[in-house]
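**Q** With the hints as constraints, model all of the structure from the sequences given.
Keeping their order, the protein sequence lines are chains A and B.
Once you know that position 11 of the first sequence is 11 in full-length UniProt numbering, the rest is easy, because the numbers rise by one and skip nothing.
Once you know that position 4 of the second sequence is 4 in full-length UniProt numbering, the rest is easy, because the numbers rise by one and skip nothing.
Quick caveat, the hints were computed from the structure, so don't treat them as lab data.
Keep in mind that a hint or two might mislead.
So the derived label-pair ranges between C-beta atoms look like this [unchecked claim]:
#	chain 1	residue 1	chain 2	residue 2	range
1	A	27	B	74	27 to 37 Å
2	A	471	B	107	55 to 65 Å
3	B	33	A	475	50 to 60 Å
4	A	35	B	151	27 to 37 Å
5	A	76	B	139	49 to 59 Å
6	B	68	A	256	17 to 27 Å
7	A	36	B	151	27 to 37 Å
8	A	38	B	100	23 to 33 Å
9	A	480	B	74	57 to 67 Å
10	A	461	B	127	52 to 62 Å
Model, not experiment: these values are computed from the prediction.
Idealized CB from N, CA, C, for every residue including glycine.
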Amino acid sequence: MAENSGTDPAVETNTEENAAASATIIKVTVKTPKDKEEIAIAEDSSVSQFKEEISKRFKANQDQLVLIFAGKILKDGDTLGQHGIKDGLTVHLVIKTAQKTSGGGSSQTSASSGPGPSQGNTDGSANSSPAGNLGTPQGSGPSPTPTQPPNMLAGFGDLSGLANLGMGSANFMELQQQMQRQLMSNPEMLSQIMENPLVQSMMSNPDLMRQMIVANPQMQQLMERNPEISHMLNNPELMRQTMELARNPAMMQEMMRNQDRALSNLESIPGGYNALRRMYTDIQEPMFSAAREQFGNNPFSALGGNADNSGAQPSRTENREPLPNPWGPPDTAATTTSGTATTTSSTTSSTTPSVSNPLGISSSSLGNGMFNSPGMQSLMQQISENPQLMQNMLSAPYMRTMMQSLAQNPDIASQAPTPTPAPTPTPAAGTNTAQQQLMQQMLQMFAGGNASTPTPEVRFQQQLEQLSAMGFINREANLQALIATGGDINAAIERLLGSQPS
Amino acid sequence: MDPHDSTFGVQLFIYDLSRGMARQLSPIMLGKQLDGIWHTSIVVYGEEFFYGGAGISSCPPGGTMLGPPDTVVELGNTEVTEEILMDYLSSLGETTYRGDKYRLFEHNCNTFTNEVAQFLTGNKIPSYITDLPSEVLSTPFGQVLRPILDSIHIAPPGGNVISSQNNHG
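**A** Structural data, given as structure tokens:
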């Protein structure tokens, strides 16, 4: 093996560092997934000699060793120099576990993941999707296309398929993910599913729907992050309305169109609203994907409509006022500059497109309490006109504490001194404490802290009194209902009525 | 060269988890410009591999809930076969890249991608991706948010977790 350089043949196979003729001994790091070792070897050794060293050090059979460097597999006949392996470089090592020298042993396991990991689905491992219909879409290797809808539906409608579907599989979430993915890639399928009578009967049962939704771990995550969502879910009236929406594709379409219209209006607004809009889109997106398969629509839109007209059909309401604005300066949008235009936005949901509109939340549902105070409104306007202001605001050192105190008591904001006197009429329709709770929670999240909150009893003091005046004497139950619905009296009443035998 | 060796193309899929929000808001919130919150995955043999709160997962390319990637970078070619890679990933998935070892700042999807990229091709992934955590942490805002962010596990749904049981490629 001694070649042009004056290497000592004896050196190559020793692990002892030979200080003498060490010019050509290099230290190569050999890295496995589990650990790494430094191996001293002569620069011009062959790969098989290198492997010999390695097999000693790693206590593995030479045949099991696969050496990789710079994306190349080192073959026994090569030399280290051939591959450019020098001192201090790292070579990757994989020790084959030798079970499957058959099947795919040659390096020609075709690049299209043939029998490889994609088939792991049907292997019965805990992660596999259920056998049968749904197994195929995932397991068909590299083609991730939206697959056979008929298959999917067949599995859905067929009861035995159903058992296979949800209950049999160890991984329901994965199932849902697949469903979601397919749904998103093929919108028609959604309407097909909706028409399926089994689905319809399921949807008409609000409790069942709620359970299903809550059971979805993604929803749970969302719910943890946004308590408003769980309140929303607990509001039976809302559920019913959204389910009606979902059932009626025409209504759904209308909603969608409204949303789209709102969004396209947004495009035409120049300036700083973009930032806020983006923010809301980001909130909306996860909601959309999480909720789409069950609701078929943005759940918040129903929420907005619901709070707007207690009892009235939200769909029609949404139609008339498609573009409500929770953030104040209601009908001016960013285009006008006058600061005087902040009219009362509290009672009516204005039709002005605005930043956070995509959620379709009407001002009356969120605007009261905090954002409709004249101070806030003019602040908002100023921000929209001058994005720099927002940046300054956020970088102010006391911002965080302010947020926290705001979170504790949204009323502070209404008392906050206005930066510029804006001749705005004060919002009528006294602050709805329920909405205040909502804002409070949002602010808490925003402030990032877990500021001490007043106990529910204190928060819902007013509602509790109202409830007891109405004749609901069970204070405990009232409190529970209020907590669950976030202070919404109507919803709480429904809850209470639902639980009472009557 | 041995005519037996076919090489496989290796790509890096880069996703922006903030969907453009970071580009817009980072100057305001962090004081420096971040073009995105990057999540990456390796695509090879027609499969996408990534690391998240669930461990190492694989799926058809673009098959997670994130949808198609924002950017695709060619990392080069590799001779490593799928079988070898699966062995490698299985070992990784049992040790350093278990699901519970996920750390948003220090040991995240990009750490994994970087390692696999080097394994497969010898090349690292672009540095702006791996530098992201330190960029964020060097801002006061990042420091403030750190406890919250540390507990976040990013696990884009849509993948199958790779474990030694279902590996028989």
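**Q** Hint by hint, note whether the structure agrees.
**A** Results for each hint:
1. A:27 x B:74: 27 to 37 Å: 32 Å, holds
2. A:471 x B:107: 55 to 65 Å: Holds: the Cβ-Cβ distance is about 59 Å, inside 55 to 65 Å.
3. B:33 x A:475: 50 to 60 Å: For residue 475 (chain A) against residue 33 (chain B), whose Cβ atoms are near 55 Å apart, the range 50 to 60 Å holds.
4. A:35 x B:151: 27 to 37 Å: Given a distance of about 29 Å, which is inside 27 to 37 Å, the answer is holds.
5. A:76 x B:139: 49 to 59 Å: This hint holds: roughly 52 Å between Cβ atoms.
6. B:68 x A:256: 17 to 27 Å: 22 Å, holds
7. A:36 x B:151: 27 to 37 Å: 30 Å, holds
8. A:38 x B:100: 23 to 33 Å: 29 Å, holds
9. A:480 x B:74: 57 to 67 Å: 58 Å Cβ-Cβ, so the 57 to 67 Å window holds.
10. A:461 x B:127: 52 to 62 Å: 57 Å, holds
When held up to the earlier numbered hints, the structure conflicts with none and fits them all.
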